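**Q** Same order as they appear, the protein sequences are chains A and B.
Here my numbering = 1-based position in the first sequence + 37.
Here my numbering = 1-based position in the second sequence + 264.
Rather than coming from a laboratory, the hints here were simulated on the basis of the structure.
Be aware that a few hints might be false.
Unchecked claim - Label-pair restraints from in silico Cβ distances: (1) A:Gly106 x B:Leu292: 55 to 65 Å; (2) B:Arg348 x A:Gly229: 48 to 58 Å; (3) A:Arg301 x B:Lys305: 37 to 47 Å; (4) A:Arg161 x B:Glu365: 51 to 61 Å; (5) A:Gly165 x B:Glu289: 46 to 56 Å; (6) A:Ala218 x B:Gly316: 19 to 29 Å.
Since this is a predicted model, take the numbers as computed values, not measurements.
Cβ coordinates follow ideal geometry from the N, Cα and C atoms, glycine included.
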Amino acid sequence: MTVDDIQALTAQLARDPSSLVFLPLAEALRRRGQLEAALAIAISGATRYPEMAGAYDLLARIQSDRGEGDLAFDAWTTVLRLDPDHVGAHKGLAFLSFRAGDFPRSLRYLRRAVELRPKDEALRAALGRVETTAGVRAVPGFDRTAPDPLRALEAEPGLALLVDPQGRPLAGGVFDSRGAAASDEVAAALAGISREAERTTRLLGLGAWRRLSLEGGPAHFELRTPTIDSVLLVTRPREVPAGRLALLADRAAAVARRWLEELR
Amino acid sequence: MSLRDLLDELTRIPGVRGALVVSREDGLVVADSLMESVDGKAVAALAASLTGRMAGVTAALGQPEPRAWQLQGSEGTLLAAPGREGLLVVALANAEVNAGELRIRLLNVAGRAA
Chain A
38 MTVDDIQALT
48 AQLARDPSSL
58 VFLPLAEALR
68 RRGQLEAALA
78 IAISGATRYP
88 EMAGAYDLLA
98 RIQSDRGEGD
108 LAFDAWTTVL
118 RLDPDHVGAH
128 KGLAFLSFRA
138 GDFPRSLRYL
148 RRAVELRPKD
158 EALRAALGRV
168 ETTAGVRAVP
178 GFDRTAPDPL
188 RALEAEPGLA
198 LLVDPQGRPL
208 AGGVFDSRGA
218 AASDEVAAAL
228 AGISREAERT
238 TRLLGLGAWR
248 RLSLEGGPAH
258 FELRTPTIDS
268 VLLVTRPREV
278 PAGRLALLAD
288 RAAAVARRWL
298 EELR
Chain B
265 MSLRDLLDEL
275 TRIPGVRGAL
285 VVSREDGLVV
295 ADSLMESVDG
305 KAVAALAASL
315 TGRMAGVTAA
325 LGQPEPRAWQ
335 LQGSEGTLLA
345 APGREGLLVV
355 ALANAEVNAG
365 ELRIRLLNVA
375 GRAA
C-alpha cells in the first residue's frame with residue numbers, strides 16, 4: 038500500500054469514524070513499522086466493534102510486533118472467544134507460546150490451526166518445526182507421542198533426563214563425558230534409585246525423600262521424584278552454583294509432573 | 265587423631281544426630297559417634313548401598329564417582345563422602361542442620377579419615 042493510499046484511508050476514517058477502513062489502514066501502518074499509529078487506530082476500532090474478532094486479531098498482531106506478548110495473548114484469547122475457529126488467533130497464540138518456551142501449548146494451537154486449514158503447507162511446515170524443537174516422540178508406556186517437557190528448561194540439550202521405574206527414558210536426554218548419548222545407560226542406573234532412597238529415608242526416620250544431590254567432579258547432579266513412578270536427573274557443570282542447580286531441578290520436576298499428569 | 269575424634273568434629277554441629285566411618289565394600293561400621301536413637305548398622309548399610317548406586321549413575325556418564333552426596337528427606341538428611349582406602353564418611357542430621365557447614369566438614373573429615 039502506498040503512502041497516498043494510506044493518506045486516503047486516513048482521510049476516509051476521519052470523515053467517518055465508524056468506517057471499517059480502520060482494518061486495512063492499521064494493517065498497512067503495521068507493515069510499514071508505524072506501530073504507535075497502528076495501535077491507536079486498532080484500539081479505537083476494537084473499542085467501536087467489541088464483537089469483531091478481526092479487530093482483536095489486528096490488535097494482537099500489532100501488540101505482538103511491539104513485544105507486548107501478554108497483551109497480544111489476551112487479545113488473541115478474546116478472538117477465540119468470539120470466533121473459536123479463527124486460524125490467525127491459533128497461529129498467533131502458538132507463536133507466543135513457542136516464544137515463551139511452552140512447547141506443548143504451542144503444539145496444541147498449531148495442531149488446531151492445521152485441522153482448520155489442512156491444505157496450508159506453511160502451517161504444516163511450522164507444525165513440523167515446532168514438533169522437532171519440542172522433541173516430540175513416542176513415550177514408553179503411553180500410546181501416543183508427546184513433546185519433551187524438559188526441552189523448555191534446557192539452554193542446551195543433554196542436561197536433564199526423566200525415567201520410569203523400569204529404567205526407560207521418558208523425556209530429556211543426557212550425554213556422557215565424551216559427548217555421546219548416554220540416556221539409556223543412565224536411565225538403567227537410575228532405575229531403582231528412587232526405591233532405595235525411599236527405603237533409606239523411611240528406615241532412618243528421615244521422612245519422605247525430597248531430593249538427592251550429587252557433587253561430582255566436572256559436574257553436579259540433582260535427582261527428584263516428580264511422581265511416585267518417575268525419577269528426574271538434572272545436571273550442570275560444577276561452575277553452576279549448587280543452589281541454582283537445585284532450583285532448576287525443582288522447576289524441571291514441576292514441569293515433568295504436569296506433563297505426566299497430562300499424558301495420563 | 266583417632267577416627268572417633270574426627271567424627272566428633274561432625275557431631276558437634278547442631279542438628280547432627282550421628283556420624284560414622286563405614287567400609288564401602290560391605291557396609292559395615294568402622295567407627296561411629298551416634299545418639300542413642302540412631303541405628304548405626306542400618307545407616308552404614310544403607311549409605312554404602314546408595315553410594316554404590318550413585319557411582320553407577322556417574323559411571324554411566326563417564327564421570328568419576330561423586331565427591332559427596334546428600335539425601336534430603338522431609339524430616340532429616342543423610343550426607344556421605346567417600347574417603348581414602350575404601351572408607352565412607354557418613355553423617356545423619358535433622359532437617360534444621362546447616363547443611364552447608366556439615367558438607368564442608370564432612371569433606372574435610374573424609375580427606376583425613378584412614
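**Q** Compare the structure with each hint and give your call.
**A** Hints, verified against the model:
{"no.": "1", "hint": "A:Gly106 x B:Leu292: 55 to 65 Å", "result": "60 Å, holds"}
{"no.": "2", "hint": "B:Arg348 x A:Gly229: 48 to 58 Å", "result": "28 Å, violated"}
{"no.": "3", "hint": "A:Arg301 x B:Lys305: 37 to 47 Å", "result": "41 Å, holds"}
{"no.": "4", "hint": "A:Arg161 x B:Glu365: 51 to 61 Å", "result": "58 Å, holds"}
{"no.": "5", "hint": "A:Gly165 x B:Glu289: 46 to 56 Å", "result": "53 Å, holds"}
{"no.": "6", "hint": "A:Ala218 x B:Gly316: 19 to 29 Å", "result": "24 Å, holds"}
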